[in-house]
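Here the structure of chain D is known, so what remains is to put chain C in place on it, guided by the hints.
Quick mapping for you: the protein sequence lines, in order, are chains D and C.
So the mapping is simple: our numbering equals the position in the first sequence, first residue as 1, plus 74.
So the mapping is simple: our numbering equals the position in the second sequence, first residue as 1, plus 5.
Note that these hints are calculated values from the structure, not bench results.
Any given hint might turn out to be false.
[As the list claims (entries may be wrong)] The calculated DSSO-like cross-link candidates involving lysine-lysine, where the alpha carbons are at most 27 angstroms apart (straight line), are:
#: 1; chain 1: C; residue 1: Lys118; chain 2: D; residue 2: Lys153
#: 2; chain 1: D; residue 1: Lys670; chain 2: D; residue 2: Lys721
#: 3; chain 1: C; residue 1: Lys98; chain 2: C; residue 2: Lys118
#: 4; chain 1: D; residue 1: Lys721; chain 2: D; residue 2: Lys765
#: 5; chain 1: C; residue 1: Lys97; chain 2: D; residue 2: Lys197
#: 6; chain 1: D; residue 1: Lys265; chain 2: C; residue 2: Lys98
#: 7; chain 1: D; residue 1: Lys711; chain 2: D; residue 2: Lys782
#: 8; chain 1: C; residue 1: Lys118; chain 2: C; residue 2: Lys97
#: 9; chain 1: D; residue 1: Lys609; chain 2: C; residue 2: Lys98
#: 10; chain 1: D; residue 1: Lys536; chain 2: C; residue 2: Lys118
#: 11; chain 1: C; residue 1: Lys97; chain 2: D; residue 2: Lys153
#: 12; chain 1: D; residue 1: Lys670; chain 2: D; residue 2: Lys569
#: 13; chain 1: D; residue 1: Lys502; chain 2: D; residue 2: Lys536
#: 14; chain 1: D; residue 1: Lys162; chain 2: D; residue 2: Lys502
#: 15; chain 1: D; residue 1: Lys711; chain 2: D; residue 2: Lys162
#: 16; chain 1: D; residue 1: Lys721; chain 2: D; residue 2: Lys711
#: 17; chain 1: D; residue 1: Lys711; chain 2: D; residue 2: Lys765
#: 18; chain 1: D; residue 1: Lys782; chain 2: D; residue 2: Lys536
[To be verified] Derived CB-CB ranges, DEER-like:
#: 19; chain 1: D; residue 1: Gln790; chain 2: C; residue 2: Glu45; range: 51 to 61 angstroms
#: 20; chain 1: C; residue 1: Ala96; chain 2: D; residue 2: Glu322; range: 20 to 30 angstroms
#: 21; chain 1: C; residue 1: Ala48; chain 2: D; residue 2: Gln790; range: 23 to 33 angstroms
#: 22; chain 1: C; residue 1: Pro79; chain 2: D; residue 2: Leu484; range: 51 to 61 angstroms
#: 23; chain 1: D; residue 1: Gln307; chain 2: C; residue 2: Glu45; range: 27 to 37 angstroms
#: 24; chain 1: C; residue 1: Arg82; chain 2: D; residue 2: Glu488; range: 46 to 56 angstroms
#: 25; chain 1: D; residue 1: Glu488; chain 2: C; residue 2: Ala96; range: 55 to 65 angstroms
#: 26; chain 1: D; residue 1: Glu530; chain 2: C; residue 2: Ala96; range: 37 to 47 angstroms
#: 27; chain 1: C; residue 1: Arg82; chain 2: D; residue 2: Asp444; range: 46 to 56 angstroms
#: 28; chain 1: D; residue 1: Thr465; chain 2: C; residue 2: Ala48; range: 32 to 42 angstroms
[Claimed, not checked] Every beta carbon over 12 angstroms from chain C, so not counted as near; a handful from chain D, in silico:
#: 29; residue: Ala305
#: 30; residue: Gly478
#: 31; residue: Arg522
#: 32; residue: Val523
Note that the Cβ used here is the ideal one computed from N, Cα and C, for glycine as well.
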Amino acid sequence: MDPFESIKQTFFQECDELLTDAEQGLLAMEAGDADSETINAVFRAVHSVKGGAGAFGLEQLIRFAHVFETIMDELRSEKMALTDEVAKTLLRAFDVLADHVAAARDGGEVEESRSAGILGEMKALIGADGVEEEADPDEDFGFVPMLVSIDGDDAAPEPASIDFGGETPAFEAAPDATDSAEIWRIEFAPKSEMYVKANEAGLVLRELARLGPTEVTIDGSDVPPLDQLSAEQAYARWTIILTTEADEAAIREVFEFVEDDCVLSITCENSDDAAAAASAEASLDLAALLARVQGAPAAAPPAPVQDLVDVSAMIARAQEVPAPASAAAPRAAAPAAAPTPITRAAPPPANANPAPAPQATIRVDLDRVDRLINAVGELVIQQAMLSQRVTESGLARSSNVALGLEDLELLTREIQDSVMAIRAQPVKSVFQRMPRLVREVADMTGKRVRLVMEGEGTEVDKTVIERLTDPITHMLRNAIDHGLETPEQRAEVDKPAEGLVRLRALHRGGRIVIEVQDDGRGINRPRVRGIAVDKGLISEDQVLSDEEVDNLIFLPGFSTAETISDISGRGVGMDVVRRSIQGLGGRISISSEPGKGSKFTLSLPLTLAVLDGMVVTAADQTLVAPLSAIVESLTPKAEDIHYVGGKDAVIRIRDTFVPLIDVGVALGFRDTPIANGSGVAVLVESEGGGKAALLVEAIQGQRQVVIKSLEANYQQIEGVAAATILGDGRVALILDVDALVTTIRRKPAARPEKRMAG
Amino acid sequence: MTKTVLTIDDSRTMREMLNHALVEAGYRVLQAVDGVEGLEVLAANSGQIDVVITDINMPRLDGFGVIEGVRADPAHRATPILVLTTESDAAKKERARSAGATGWIVKPFNPVKLVDAVRRVAA
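Chain C with its partners taken away, still in its complex shape:
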């Protein structure tokens, strides 16, 4: 069955790269431009999103807010969340982890690695 990935990033380039790699790999992809829109899309598709990929630094609502919001949705308490980090910044990664992130993708990512990471968390 086709799995759905919600990608949240304020960079259009990044969204397009994610979209391309994931669609190529057979996923259905939903996109949002910041945390607020991300949670809106999540709410509109509640229970139908298999993986969330989110950027950290975004306008309006950042990635930590997204993690919190996703975990607050009963239908998505156990949905894997991958955060995008540019720097392999240990502090940020740790903060995301303790907020409930499942894993991370270091930007710039290689499409193979990206898909690898998604597959690693998606049932």
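One chain only, chain D, in its complex shape:
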């Protein structure tokens, strides 16, 4: 991928995290339990969003984030007090900020009036001239086109400036002087502070040489004898004659980091005389300098060999000086061909056994994890097939092969669990989006809502997480729009004006359960019943329990124009929600108490990849029933089976009667039911609490199966949730227990659906 795009993706990913952090901080601020670090963290998050936006030239986002950041800055420096009003404004501004990020990501636009409105409010908080406008966006953020240059060398605007692998380019590599070139005289006298900050004169000279041919003269007259040399002091001065087309600003830029720590003069002297003068100066007698360094008078004859030996000794001592020696000494005189060994300390041993940075987490492409999951799925199947073959071959259970296989099975399980754990994520990521939704819906409906969230740390497979958002959104909208009363209505029934909505996640029986509970008016059962009768979903005289009436809202065709409001409906009925949840092997139900509120309960398998199942045989077909739905299995006696209305069978289990469903018939494998009194009944319970006994010919045993989607490979079939591959390589269908139970229990309701389907 284009690195620019890839980094941009990273930016938006990071934005999600930053916004999450910011929202949490803002919520804490609103609740009044934010300390200075919380405020600073929000500031940092917004600051980082702005920083990244700047890098990608996202103007709208930059402007909005800038004002937001300004407020956060005022708050953290305590120039502004954190009032309830400020916190509430910031929360609303946060929503718009999130919209700006989304708009930048998806190439959309944030509604101008909305953005401008909240911007105005924020500016009002700061005060009229509190916001310093981003002075010149072109200057600050205008380099975007240049970012492209990171991708290839062809786009680099200054070829010379990116060429610096290994050794620095020789001075001769500088561009040739042309007619428009001017001659500059630069006097450069570093102060010791410059070296303390790890700047080096030599590097500055090297940079200058990139601008054009240079003639460098070093004035080493202040360099003391070597034994008096201090590693922390600056002694050398340079005069550089530079011939370049670059302007003064470009030359000054070279000195950007050092200009406060040196004496610098830059003059343009476009005359041959100046150049000649410089040349003369450049012929400084290096021997004289060396002599000075050695403590001898400049005019002295060349030092005898004995003296040179002493110099070596001094050099050796000099090298014992700590690292800054290399920075502080006139080693930078290199261009003037000074004998560099004089003060060069040993360079740090770069690249010797580089230790990696400590890392507790790694980021892995989801594709790779998915491939691993798939492979583990196949491993489970292979392992099952192998076990079956070994069993069929008649090997003793105690044989080495069988024992080894047992170990393999344990290991396979462990691998599977570990792989699943990789994908497991807390539902937090979904829950975190909800406070905003609640704020919006509350705003639109004029209701006051307090959202309480519990169990955010509950973990579930990533694929499940992704599919939780829509149903939860729907349930919350429904709870606020239909469940909660207006503050006035609540006052009439002595409820606090603020309605309570509780969103909760928990693990129960190998599934994740999500509950959305409100303390509103509850379901208006007579009305729901009336609608259902009007729509022909139930007959007028049908007897239904309260719970059954409540759950009528999930029936297809129940939603009416009257009940679909902009907020809760969005044109989608609860039946669609239920269907999508069932598609994931999940169930949804509602319970309600008039005047006290309603509770949606949604349950989903923790993973969509494997399932603990009971393998059964019905009509010569091998089928799998999800173990989580099974209560018990029993052998039905003929006298326990009764027929209602001459056709629908029920079975008496202890003191209760439950519908008896012949699976072979229900799925259309055969027309005639199993002979009375034979076969095995498996008692199952649906999420709605409905029970039924599934009549099959035999139970083969319990097995973990890998779920293969039928929809992806074939199409959806009523009563069948998915398929799997068994140990012997055959495909087996996985029963959708809920659908089977519901079909029987709500037969009258199911009929219109069939008509519609046909």
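Structure of chain C alone, referenced to chain D:
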């Protein structure tokens, strides 16, 4: 010889941008997510880091703390440190300078300028 740059920034986007531009330019890059981790990485690679690039406002330990920590390591007393500043905020730049920063990079940076700045301080 390949030079090593330690980049310290709490923004992943920023780290990736730095990393990309510097690696492209032939540097070896080490990364840290805040000042504390930055100094840990420095300690683990003591004497092998040629340039440090650090953000200012970071959780746990900020950029000024990083400068102090780097300068306190005898092996890195003379290692160039570049600070990242978003605003060309003179006060912050000055504070970083007096703490011992070698130079600065104004965000958002252009990769060419970034590499330019690194080269300007790296021997």
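Hints versus structure:
1. Lys118/C with Lys153/D: violated (35 angstroms)
2. Lys670/D with Lys721/D: violated (40 angstroms)
3. Lys98/C with Lys118/C: Roughly 17 angstroms separates the two Cα atoms, so the pair holds.
4. Lys721/D with Lys765/D: Holds. Lys721/D to Lys765/D sits at ~19 angstroms (cutoff 27 angstroms).
5. Lys97/C with Lys197/D: Holds - the C-alpha atoms of Lys197/D and Lys97/C are around 24 angstroms apart, at most 27 angstroms.
6. Lys265/D with Lys98/C: holds (19 angstroms)
7. Lys711/D with Lys782/D: Answer violated: Lys711/D to Lys782/D is near 36 angstroms, above 27 angstroms.
8. Lys118/C with Lys97/C: holds (20 angstroms)
9. Lys609/D with Lys98/C: violated (72 angstroms)
10. Lys536/D with Lys118/C: violated (41 angstroms)
11. Lys97/C with Lys153/D: holds (18 angstroms)
12. Lys670/D with Lys569/D: holds (10 angstroms)
13. Lys502/D with Lys536/D: holds (12 angstroms)
14. Lys162/D with Lys502/D: holds (23 angstroms)
15. Lys711/D with Lys162/D: violated (67 angstroms)
16. Lys721/D with Lys711/D: Measuring from Cα to Cα gives roughly 18 angstroms; hence the hint holds.
17. Lys711/D with Lys765/D: holds (19 angstroms)
18. Lys782/D with Lys536/D: holds (17 angstroms)
19. Gln790/D with Glu45/C: 51 to 61 angstroms: holds (54 angstroms)
20. Ala96/C with Glu322/D: 20 to 30 angstroms: holds (26 angstroms)
21. Ala48/C with Gln790/D: 23 to 33 angstroms: violated (59 angstroms)
22. Pro79/C with Leu484/D: 51 to 61 angstroms: The hinted range 51 to 61 angstroms holds for Pro79/C and Leu484/D, with Cβ atoms some 54 angstroms apart.
23. Gln307/D with Glu45/C: 27 to 37 angstroms: At roughly 34 angstroms between Cβ atoms, Glu45/C and Gln307/D fall inside 27 to 37 angstroms, so the hint holds.
24. Arg82/C with Glu488/D: 46 to 56 angstroms: Given a distance of about 51 angstroms, which is inside 46 to 56 angstroms, the answer is holds.
25. Glu488/D with Ala96/C: 55 to 65 angstroms: holds (58 angstroms)
26. Glu530/D with Ala96/C: 37 to 47 angstroms: Holds: the Cβ-Cβ distance is about 40 angstroms, inside 37 to 47 angstroms.
27. Arg82/C with Asp444/D: 46 to 56 angstroms: holds (50 angstroms)
28. Thr465/D with Ala48/C: 32 to 42 angstroms: 59 angstroms Cβ-Cβ, so the 32 to 42 angstroms window is violated.
29. Ala305: Given a closest Cβ separation of 10 angstroms, the condition is violated.
30. Gly478: The claim stands: Gly478/D keeps its Cβ more than 12 angstroms from every Cβ of chain C (closest is about 44 angstroms).
31. Arg522: holds (35 angstroms)
32. Val523: About 33 angstroms separates Val523/D from the closest Cβ of chain C, which puts it past 12 angstroms; holds.
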